[in-house]
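Enquirer: Sequence:
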Amino acid sequence: MASESTNMGKYRAIMTTTDRERISGESDVSDEKRYQAIHRVRSRIEELETDVDVLSEHHPELLEELREVVCKGEL
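Numbering (full-length UniProt numbering), first residue to last: 1 to 75.
Check the hints yourself; a few may be wrong.
Stated by the list, open to error - Lysine to any residue pairs mimicking SDA-like chemistry, simulated, CA-CA at most 25 Å apart:
| # | residue 1 | residue 2 |
| --- | --- | --- |
| 1 | Lys33 | Asp53 |
| 2 | Lys33 | Val69 |
| 3 | Lys72 | Gln36 |
| 4 | Lys72 | Lys33 |
| 5 | Lys72 | Asp53 |
| 6 | Lys72 | Arg12 |
| 7 | Lys72 | Thr50 |
| 8 | Lys72 | Asp19 |
Honestly, the hints are just simulated from the structure, not real lab data.
Here the structure is a predicted model, which is why all the values come from computation and not from measurement.
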């Protein structure tokens with residue numbers, strides 16, 4: 001899995017590689033840096049509502065793909 005997260009050609013989802021390392025504790029950083037990573041991710045999650053609205057109106061098939069990934073095993 002580590003090689004997947006460092007793949008330069010791969011797009012990020014909600015978290016960057018650095019965010020993942022800081023939040024998981026894999027990276028030895030200060031609590032402030034960890035908090036900043038959490039804050040960035042929380043901000044991106046808040047923006048998802050707008051993205052979902054756009055996909056719902058303009059590309060429902062893509063929205064369904066997103067739901068399948070995010071809600072996997074919960075439907």
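Enquirer: Hint by hint, say whether it matches the structure.
Expert: Status of each hint after checking the structure:
no., hint, in the structure
1, Lys33 - Asp53, "violated, 32 Å"
2, Lys33 - Val69, "violated, 28 Å"
3, Lys72 - Gln36, "violated, 28 Å"
4, Lys72 - Lys33, "violated, 30 Å"
5, Lys72 - Asp53, "holds, 20 Å"
6, Lys72 - Arg12, "holds, 19 Å"
7, Lys72 - Thr50, "holds, 21 Å"
8, Lys72 - Asp19, "holds, 22 Å"
Comparing the model with each earlier hint shows violations of hints 1, 2, 3, 4; every other hint is respected.
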